[in-house]
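Asks: Heads up: the protein sequence lines correspond to chains A and B, in order.
To convert, count from 1 in the first sequence and add 18; that's the working numbering.
To convert, count from 1 in the second sequence and add 8; that's the working numbering.
If you're looking for bench data, these hints aren't it; they were derived computationally from the structure.
Treat the hints with care, since some could be wrong.
[Stated by the list, open to error] Facing chain A, from chain B, some residues (calculated, C-beta under 7 Å):
#	residue
1	Val39
2	Ser42
3	Pro128
4	Glu145
5	Thr206
6	Asn277
7	Pro278
8	Arg279
9	Lys281
10	Gln284
A virtual CB, placed ideally from N, CA and C, is assigned to each residue, including glycine.
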Amino acid sequence: MSTGHELLNQIETKFPGAVKVDSVTERVAFLSVCDEQLVALADFLANQMNARFVMEIGTDKRPVNQKYELSYIFCLDQEGFEISLKVMVDENKLEVPSITPVIPGAGWAEREVYDMLGIVAVNHPDPRRLVLADDWPEDLFPMRKDFEHDNRPPAAEVKKIMKEPDGNATVVSVGPFFPTLEEPAYFRLFVEGEKVVGCDYRGFFSHRGIEKLADKVLDYNQVPFMAERICGICGFVHSCSYCQAVEMAAEIEVPARARYIRTIMLELERIHSHLLWIGLAGHIIGFDTVLMQSWRVREPVMWLCEQITGNRKTYGMNLVGGVRRDIPEDLHPKILETLDKIESESRTIIDAIIKDKPLLMRLQGVGTLSREDGRKLCVVGPTARASGLETDIRVKYPYAAYGELDMKAAFQTGGDVLARTLVRAEELFTAIDLVRQALQKMPEGPIMAEFSDIPPYREGISLIEAPRGESLHYVLTGPDNRPYRWSVRAPTYAQLQAIPDMLSRSTVADFPLIVASIDPCFSCTERVETVDRSSHTIKTYRREELLQQLQNKYRGGERS
Amino acid sequence: MRVVLIGMLNILIVLLLSPLYEGIMRKVRAVIHSRQGPPVLQPYYDLAKLMLKDDQIAEGNFIFKSAPVLCLGSIILVALFIPLGTAAPLGFAGDALVLVYLLTMSAVFIILGGMASSNPYAFLGANREMMLLLVVEPVLAISLLTGAIKAHSLLLSNISGYMLANPTFSMAVAGLAFFLVIQPEMAKIPFDLAEAETEIMEGPFIEYSGRKLAFFKWAFWGKQVIFVALFAQIFLPWLRTSFAPVNILISLLEVLVLVVVVELIATLNPRLKIEQAIRYFAGIIVFALAGMALALLGL
Numbered sequence: 019m020s021t022g023h024e025l026l027n028q029i030e031t032k033f034p035g036a037v038k039v040d041s042v043t044e045r046v047a048f049l050s051v052c053d054e055q056l057v058a059l060a061d062f063l064a065n066q067m068n069a070r071f072v073m074e075i076g077t078d079k080r081p082v083n084q085k086y087e088l089s090y091i092f093c094l095d096q097e098g099f100e101i102s103l104k105v106m107v108d109e110n111k112l113e114v115p116s117i118t119p120v121i122p123g124a125g126w127a128e129r130e131v132y133d134m135l136g137i138v139a140v141n142h143p144d145p146r147r148l149v150l151a152d153d154w155p156e157d158l159f160p161m162r163k164d165f166e167h168d169n170r171p172p173a174a175e176v177k178k179i180m181k182e183p184d185g186n187a188t189v190v191s192v193g194p195f196f197p198t199l200e201e202p203a204y205f206r207l208f209v210e211g212e213k214v215v216g217c218d219y220r221g222f223f224s225h226r227g228i229e230k231l232a233d234k235v236l237d238y239n240q241v242p243f244m245a246e247r248i249c250g251i252c253g254f255v256h257s258c259s260y261c262q263a264v265e266m267a268a269e270i271e272v273p274a275r276a277r278y279i280r281t282i283m284l285e286l287e288r289i290h291s292h293l294l295w296i297g298l299a300g301h302i303i304g305f306d307t308v309l310m311q312s313w314r315v316r317e318p319v320m321w322l323c324e325q326i327t328g329n330r331k332t333y334g335m336n337l338v339g340g341v342r343r344d345i346p347e348d349l350h351p352k353i354l355e356t357l358d359k360i361e362s363e364s365r366t367i368i369d370a371i372i373k374d375k376p377l378l379m380r381l382q383g384v385g386t387l388s389r390e391d392g393r394k395l396c397v398v399g400p401t402a403r404a405s406g407l408e409t410d411i412r413v414k415y416p417y418a419a420y421g422e423l424d425m426k427a428a429f430q431t432g433g434d435v436l437a438r439t440l441v442r443a444e445e446l447f448t449a450i451d452l453v454r455q456a457l458q459k460m461p462e463g464p465i466m467a468e469f470s471d472i473p474p475y476r477e478g479i480s481l482i483e484a485p486r487g488e489s490l491h492y493v494l495t496g497p498d499n500r501p502y503r504w505s506v507r508a509p510t511y512a513q514l515q516a517i518p519d520m521l522s523r524s525t526v527a528d529f530p531l532i533v534a535s536i537d538p539c540f541s542c543t544e545r546v547e548t549v550d551r552s553s554h555t556i557k558t559y560r561r562e563e564l565l566q567q568l569q570n571k572y573r574g575g576e577r578s
Numbered sequence: 009m010r011v012v013l014i015g016m017l018n019i020l021i022v023l024l025l026s027p028l029y030e031g032i033m034r035k036v037r038a039v040i041h042s043r044q045g046p047p048v049l050q051p052y053y054d055l056a057k058l059m060l061k062d063d064q065i066a067e068g069n070f071i072f073k074s075a076p077v078l079c080l081g082s083i084i085l086v087a088l089f090i091p092l093g094t095a096a097p098l099g100f101a102g103d104a105l106v107l108v109y110l111l112t113m114s115a116v117f118i119i120l121g122g123m124a125s126s127n128p129y130a131f132l133g134a135n136r137e138m139m140l141l142l143v144v145e146p147v148l149a150i151s152l153l154t155g156a157i158k159a160h161s162l163l164l165s166n167i168s169g170y171m172l173a174n175p176t177f178s179m180a181v182a183g184l185a186f187f188l189v190i191q192p193e194m195a196k197i198p199f200d201l202a203e204a205e206t207e208i209m210e211g212p213f214i215e216y217s218g219r220k221l222a223f224f225k226w227a228f229w230g231k232q233v234i235f236v237a238l239f240a241q242i243f244l245p246w247l248r249t250s251f252a253p254v255n256i257l258i259s260l261l262e263v264l265v266l267v268v269v270v271e272l273i274a275t276l277n278p279r280l281k282i283e284q285a286i287r288y289f290a291g292i293i294v295f296a297l298a299g300m301a302l303a304l305l306g307l
C-alpha cells in the first residue's frame with residue numbers, strides 16, 4: 019500500500035485539497051479533480067513524477083448523474099502504479115482545459131474525446147478532427163448515450179483538413195492505400211528532393227465503432243469475441259485485456275491454470291508477431307529472403323495455435339473469469355518441440371541479420387527517437403524500450419501469470435530502427451523461454467472462475483504488453499449485463515504520434531521502414547471490425563469434404 | 009548476308025531468350041526463399057498478358073507514349089553491337105563508344121517516360137535513376153576504355169581478342185569494375201532504387217500499363233542479357249572453339265551462369281539508399297580510374 023499512499027501524500031502536499039480519493043489499492047488509485055487543477059496536476063505527474071500519460075477516456079454519464087466523465091490514465095512505470103484522474107464536465111459547459119501543451123502525447127486522445135463526445139479541449143494546439151470521417155456532420159457525437167448505434171446520418175459537406183507544406187516543399191502522398199502499409203493510412207509527406215521536411219497524418223479510415231457496439235448491443239461475454247477481432251495479429255491481447263478489466267472491476271479471482279494458459283497464448287502471439295515483423299521489415303528494404311525465411315519459421319507457431327485453440331488466429335479462448343479451452347498434457351511435448359525448432363531457426367536468421375553489413379547500413383541511425391522525446395510523446399512497447407525507456411508492463415505491472423515467471427525486459431539505447439529490431443529479436447527468445455516456464459509451472463485446477471452478477475458502475479483498467487506495446491482496456495461496468503463504457507487504447511495509437519518526430523531527419527527511402535519500425539497496426543488503433551459480407555450463403559459440409567479440405571490446406575506442411 | 013543473319017540471330021536471342029533468363033532468375037530467387045516459385049516460362053505469360061491488356065493512359069503526351077518503344081528500340085540496336093559467340097554484326101571501329109551511348113539511351117528513355125508521367129513517385133524514381141546513371145555509366149566507359157588502351161583499338165572484338173591473348177592486371181581491374189556495375193545496370197538489388205517497389209512503387213513505371221509496360225519490361229530483360237553477355241565476351245573470352253554454333257551455345261551458357269550469380273547477390277542483400285549507392289560507386293570510379301592508369305603505365 020505504501021507506494022500509493024506515499025504518492026497521494028506528495029500530491030496532497032503539493033496541491034492541498036485539490037484531489038478527492040475515490041479508491042486506492044496497491045496497483046491503482048482513482049482520484050477526482052476539478053478542471054481548474056487538471057493541467058497543473060497533469061504537468062506535475064508527467065514532468066516531475068515521471069508518469070506516462072496513457073489515455074483519456076470520455077464517458078457520457080448523463081443518464082446517471084447529468085455529467086460527462088473524463089478519466090485521464092497515467093502510469094508510474096518506476097513504481098508500477100496507475101493513476102486515474104477523473105474530471106466531471108457539466109452537460110451545459112462541455113469544456114475542459116487541454117493538457118496537450120504540457121504532455122504532447124495527449125494530443126490525439128483529446129481530439130478523440132471531442133469527436134466522440136463533443137467536449138472541447140481548450141487551448142489544444144491542433145484541434146482538428148481525428149477519428150470521424152470527413153463527411154460526418156459537425157454536431158453529431160457518436161459516443162453520447164442518446165446516439166443510437168445503428169444511426170446513419172446523411173453525409174455532410176467534406177472539409178479539407180490536411181496541412182499544406184511551408185515554403186516550396188513538394189507533397190508526396192503516401193496512402194490511403196500504399197503497398198507496404200497493408201492497411202489504409204494517409205501520410206502526406208512534405209519533401210525537398212529526397213529529404214522529408216514535414217508530414218501530416220490522417221487515419222481512422224476503418225473506424226467502425228466497436229466501442230459503441232459494446233455500449234448498446236453486446237453483453238459481457240460477447241465483447242471478448244468482438245475484442246479479439248479488433249486486430250488480426252494480437253487479437254488475444256485484446257480479448258484478454260478486456261476480460262482482465264471486467265475481472266478487476268467485478269473483483270473476480272481468475273483460477274491459476276487459466277492465468278497460465280493466457281500467458282502461454284499471449285507469448286505465442288508475441289512469437290509469431292515478432293517473426294512477422296522481422297519479415298516485413300526485410301521486405302520493405304528489398305530483402306525478401308528475410309521475409310520468406312522468417313515467415314517460414316513462423317508458420318509452425320500458427321499450426322501450434324490451431325492445434326491448441328482450433329484456429330490459426332482469433333482463438334475465441336477468453337471469457338470473463340477464465341478461458342474456454344485447456345491445454346492438455348499430451349500437447350506439451352509437441353509445443354516444446356516446436357519451440358526448440360523455432361528457437362534454433364530464429365537464432366540463425368537473427369545472427370545473419372546482425373552480421374549483415376548492408377543491412378546495418380539501412381537500419382543504423384534511421385528514424386532515431388531520443389529518450390526524452392520518447393517520454394514526452396508517451397511511446398510504449400519495443401519502440402520505447404529501444405529508446406531506453408524502461409516500460410515493460412509484464413515486469414512493472416504483472417498480470418496473468420507473469421508475476422510468477424522469471425523474465426528480464428529487453429532494452430536498447432540507440433533509439434533507431436536497429437535498436438527496435440534488436441529489442442524485438444531479444445523479446446522473441448524471452449517469449450520462447452516464458453512459454454517453456456509457464457508450461458512447466460502450470461498448476462492443475464479449474465480454468466473458469468465462478469462468480470455471481472457483476473456489480474454496476476465499477477471501473478476496471480487493464481494493461482497488457484502486446485507485441486507492439488502496451489494495450490489499455492478500460493471498462494466501466496453497467497447495470498444491464500453489459501459494460502457501460504468500454505474503451506481501448508492500442509499501442510499504435512501512442513506510437514503513431516511519434517512518427518513526425520522520427521521522420522523529421524529522414525529521406526523518402528527511409529519512410530516506409532520508419533513507419534514499419536513501430537510495427538503499426540492501424541486496425542487496432544482504429545478499432546475496426548472486418549466482416550466478410552460478400553457471401554451470405556451457408557454451405558453445409560459433409561465430414562469427407564471437410565477432411566478433404568483440411569488435407570488440401572495442409573499439403574506441403576508437416577503436421578502430426 | 010552473313011552480317012544480316014548474325015544480326016537477326018542476336019536480336020532473336022536478346023528478344024526471345026531474355027524472358028527465359030528472367031524466369032530462371034525468378035526460380036533461383038524462389039529456391040533461396042524456400043518457395044516453389046512461378047513456372048520458368050512465367051515471364052512469357054506476363055508479356056502476353058500485358059500485351060493483351062487495356063492500355064491505361066494517365067498523361068497523354070508524346071514523350072510518355074513513345075518512351076517505351078524507343079527504349080525497346082535502343083535495346084534492339086545494342087543487340088547488334090555485341091558479339092554473341094561470333095563477331096558483332098555491326099562491329100566497326102569505335103563501336104565500344106557507340107555501345108556505351110546506346111546503353112545509356114535506354115536508361116534515358118526510362119527517365120524521360122517517368123518524368124513525362126508527372127507522377128510524384130515517377131519523379132522520385134527518375135531522379136534516382138539519373139543520379140545512379142551519373143555514377144554508373146562512367147565506370148562502364150572507363151573499363152571499356154582501359155581495354156581500348158591496352159588493345160590500341162576501340163573495336164570491341166579487338167579488346168576481347170587482346171584479353172584472350174594477354175590478360176593483364178589492368179584488364180582484371182577493368183573486368184572487376186565492369187562486374188560491379190552489372191547489378192545497377194540490371195536494376196537489381198542492392199541497386200534497384202529507381203524502381204524500389206516498397207518505397208516508390210516501381211518509380212518511373214508507376215503510370216505505365218498494358219503494352220507500354222510490356223515494352224519496358226522486355227527492354228529491361230533484354231538489357232540484362234546484353235549486359236552479362238558483354239561482360240562474358242570481353243572479359244571472359246577463353247572458352248571458345250573454332251565452330252561458331254558451339255560458341256553461341258557457350259556464350260548462352262555463360263550468360264546463364266552470370267544471371268544466376270547476379271540473382272544470388274540480389275537475394276542476399278537489402279536495397280541501399282541513393283546516397284549510399286552514390287558513395288559506393290564513387291569508390292568504384294576511383295578504382296576503375298586506377299585500372300586505367302595502370303593500363304597507361306603498361307601493366
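Asks: Run every hint past the structure and note whether it holds.
Replies: Now for the hints, and whether the structure bears them out:
1. Because the closest C-beta pair between Val39(B) and chain A is about 11 Å apart, greater than 7 Å, the hint is violated.
2. Taken as an interface hint, Ser42(B) checks out: its beta carbon lies about 5 Å from the nearest beta carbon of chain A, inside 7 Å.
3. With 7 Å as the threshold, the beta carbon of Pro128(B) comes within range of chain A, its nearest partner Cβ sitting at about 5 Å, so the hint holds.
4. Below 7 Å, beta-carbon pairs count as interface contacts, and Glu145(B) has none with chain A, the closest being about 21 Å; its hint is therefore violated.
5. The restraint placing Thr206(B) at the interface with chain A holds, with a minimum CB-CB distance near 5 Å, inside the 7 Å limit.
6. Annotation: interface hint on Asn277(B) holds; nearest CB of chain A at approximately 5 Å, less than 7 Å.
7. Checking Pro278(B) against chain A by beta carbon gives a least distance of about 4 Å; that is within 7 Å, so the hint holds.
8. Hint status for Arg279(B): holds, given a least beta-carbon distance of 3 Å to chain A, under 7 Å.
9. A distance limit of 7 Å between C-beta atoms decides the matter here; for Lys281(B) the minimum to chain A is near 5 Å, and the interface restraint holds.
10. The criterion of a C-beta within 7 Å of any C-beta in chain A is met by Gln284(B), whose closest approach is roughly 6 Å, and the hint holds.
Checked against the numbered hints above, the structure breaks hints 1, 4 and satisfies the rest.
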